[in-house]
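Work the whole structure out from these sequences, hints included.
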Amino acid sequence: MAVLEADPREKKARSVRTPAAAGGLSQAERREARSPVRWVLLTVLFVVMAVPLYLLVVNSFKSQDDILNNPFSLVPGRMTFAHLSAAIHSPQYNVIGGYGFTLFLVVAVDVLCIVFAGPAAYAIARSMKRRTQLVMLYFLAGTFIPGAAVIIPVIYVLRDLGLANTVTGLIAHDVASTLPVSIFLFVGFIRTIPVDIDQAATIDGAGRYRTFWTIIFPLMRPAVVTVLILNSIGIWNDFISPQILLSPSSGHYTVTTAIYAGISQYSTDMTKVFPNLLLAVAPVVIFFLYMQRHIISGLTVGAVKG
Amino acid sequence: MTLAMMGPAVVLYTVLTVVPVGVAIYLSLTNWNGFSSADFIGLDNYRHLFDDPNSTKSWYVTALIAAVGTVCEVGLGLVYALILKGRSRGNSFFRAVAYFPHVISALILGYLWAAILGTNGAINNTLGKFGVGPVGFLFDENMALYSLIAVIVWAGFGFNVVLFVAALQTVPAELLEAAAIDGANRRQTNLRVVVPMIAPVVTIATVLNLVGLIRAYDIVVSLTGGGPAGSTQTFSYLILARSFESTKVGYATAQAVFLMVVSAVLALAVTALRNRQDQAATG
Numbered sequence: 200m201a202v203l204e205a206d207p208r209e210k211k212a213r214s215v216r217t218p219a220a221a222g223g224l225s226q227a228e229r230r231e232a233r234s235p236v237r238w239v240l241l242t243v244l245f246v247v248m249a250v251p252l253y254l255l256v257v258n259s260f261k262s263q264d265d266i267l268n269n270p271f272s273l274v275p276g277r278m279t280f281a282h283l284s285a286a287i288h289s290p291q292y293n294v295i296g297g298y299g300f301t302l303f304l305v306v307a308v309d310v311l312c313i314v315f316a317g318p319a320a321y322a323i324a325r326s327m328k329r330r331t332q333l334v335m336l337y338f339l340a341g342t343f344i345p346g347a348a349v350i351i352p353v354i355y356v357l358r359d360l361g362l363a364n365t366v367t368g369l370i371a372h373d374v375a376s377t378l379p380v381s382i383f384l385f386v387g388f389i390r391t392i393p394v395d396i397d398q399a400a401t402i403d404g405a406g407r408y409r410t411f412w413t414i415i416f417p418l419m420r421p422a423v424v425t426v427l428i429l430n431s432i433g434i435w436n437d438f439i440s441p442q443i444l445l446s447p448s449s450g451h452y453t454v455t456t457a458i459y460a461g462i463s464q465y466s467t468d469m470t471k472v473f474p475n476l477l478l479a480v481a482p483v484v485i486f487f488l489y490m491q492r493h494i495i496s497g498l499t500v501g502a503v504k505g
Numbered sequence: 006m007t008l009a010m011m012g013p014a015v016v017l018y019t020v021l022t023v024v025p026v027g028v029a030i031y032l033s034l035t036n037w038n039g040f041s042s043a044d045f046i047g048l049d050n051y052r053h054l055f056d057d058p059n060s061t062k063s064w065y066v067t068a069l070i071a072a073v074g075t076v077c078e079v080g081l082g083l084v085y086a087l088i089l090k091g092r093s094r095g096n097s098f099f100r101a102v103a104y105f106p107h108v109i110s111a112l113i114l115g116y117l118w119a120a121i122l123g124t125n126g127a128i129n130n131t132l133g134k135f136g137v138g139p140v141g142f143l144f145d146e147n148m149a150l151y152s153l154i155a156v157i158v159w160a161g162f163g164f165n166v167v168l169f170v171a172a173l174q175t176v177p178a179e180l181l182e183a184a185a186i187d188g189a190n191r192r193q194t195n196l197r198v199v200v201p202m203i204a205p206v207v208t209i210a211t212v213l214n215l216v217g218l219i220r221a222y223d224i225v226v227s228l229t230g231g232g233p234a235g236s237t238q239t240f241s242y243l244i245l246a247r248s249f250e251s252t253k254v255g256y257a258t259a260q261a262v263f264l265m266v267v268s269a270v271l272a273l274a275v276t277a278l279r280n281r282q283d284q285a286a287t288g
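Protein sequence lines, in the order shown, are assigned to chains Z and F.
Just so you know, the first sequence maps onto residues 200 to 505 in the numbering used here.
Just so you know, the second sequence maps onto residues 6 to 288 in the numbering used here.
Simulated from the structure, these hints should not be mistaken for lab results.
In this text, a Cβ means the ideal position worked out from N, Cα and C, and glycines have one as well.
One should not assume that every hint holds.
These stretches of chain F come out as covered by chain Z in the derived footprint (C-beta under 8 Å, 3 or more residues) [what the hints assert, rightly or not]:
| # | segment |
| --- | --- |
| 1 | 42–51 |
| 2 | 59–72 |
| 3 | 75–88 |
Just a few of them, taken from the derived set where beta-carbon distance is under 10 Å, the chain F residues facing chain Z [to be verified]:
| # | residue |
| --- | --- |
| 4 | Ile109 |
| 5 | Ala120 |
| 6 | Asn125 |
| 7 | Phe249 |
| 8 | Thr258 |
What follows is the structure in structure tokens.
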């Protein structure tokens, strides 16, 4: 699962192994690349996937009349930055303002998730005791719980803890919800790191926390990247938790809850809908373009193994 | 020491994930209305789970989304994985094109599509210029559910493409050569050799899609708001709407517990299938 993108070495190795057959294959592949069926399917794919994004971008720069009368048109002379600028500076349900709070949530949850999940995963991975393995199963059970189904009881629990309607409460809930998959991925990875390394550190006088944070944790980079991507995108896009655990009276809006609050107010004013949606989508799409390979493999590994 | 290292994670997870499940199970056995004291009424809420037409309808909607959505997502995923499996820059680009909605919030995708399919949306306004429509993609009771499913599939099938491509790239080239030597054409090779080779991954994708779609919520909120006339109201949507808008909290949590059980059964199926696959791979 780790190899999701072209690995030139592997291809070379294969063609060295069976040179004649590999040559024949690539010819077949070249023929396949020219087949009309493939061409049609890829054109349909591109149009269907890209048109919504095209509409989102061009209509963010048009007047209401132009959006309604010529949604597909792109006339450079008639474009305006006014509506996008209005959305950026809007005092109400500001998406840009949402960036800051959402980013804060993402960073807080990412950091706390690693602080909680890291040592726990290390303890589980290095223990031979049956009891510790039961703890792993206990965490795994969490992956079966659908978020929407328990979010209401979470309100009652947070209320009893005095954390109802607070950012702390939301972060605590988000961290708890990321633990099962994060711990599972970490445990799997730590088990591939030789125990000899731990023992050497112990002989040198390092305690278990020190061994974990200074020796093992730096070796876990691939697993940490996967977990960070999985959690960051999950928290950034989350709607149910912030919407239900933080009421409007808290004054905090994430990108998704700001869009939700805003669109219910101005659903027929397309000069507000499109620019705000563009602002909401832009950071994720840019992040995706830059980190495409890591994101795709991280999300795939997370979903399949988690 | 082991205990100390696991402690914080265990406590946090217990308090905010396990305890709420316990609270949900307890509340589902009561007639609590959200304010006054709750009476224990046993399994009464569960007995009436399918009594009212709204619940029954929402299960039909949820099941249809899960079934049709999964078939389409897996089918399209396979078709595009087969034509995009080669390791080239172009293929990599098209895979990203199919995949990108997966990183965008479902809520936002729903609003975007609402702006395209709505009465005043891009498609109806364009059709209007030719004197056609408006087509009730989102306001016709019989059509809205299929529009919802189409948008869900649009947003979700790219994930399967990537999953299947990863599996296809592990199919040994020798196998394809053998099939070619035996005179199999491309369709025969794909159907008889390649697809069976990646069958375990297809099974996993199927159950992952089912488990994901049975919980559909965000995209319903933004695309249709459960309407028109409740025709796109999924089970998750109904549970959350009821918990806030009515006083039948006990009844709503019974539905939530039921959804949890259904998801758990489907998710356990993933684990069982995955274990079988692991055994097959190592054995």
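A quick look at each hint next to the structure:
{"no.": "1", "hint": "42–51", "verdict": "violated (count 0)"}
{"no.": "2", "hint": "59–72", "verdict": "violated (count 0)"}
{"no.": "3", "hint": "75–88", "verdict": "holds (count 3)"}
{"no.": "4", "hint": "Ile109", "verdict": "holds (6 Å)"}
{"no.": "5", "hint": "Ala120", "verdict": "holds (5 Å)"}
{"no.": "6", "hint": "Asn125", "verdict": "holds (6 Å)"}
{"no.": "7", "hint": "Phe249", "verdict": "holds (9 Å)"}
{"no.": "8", "hint": "Thr258", "verdict": "holds (7 Å)"}
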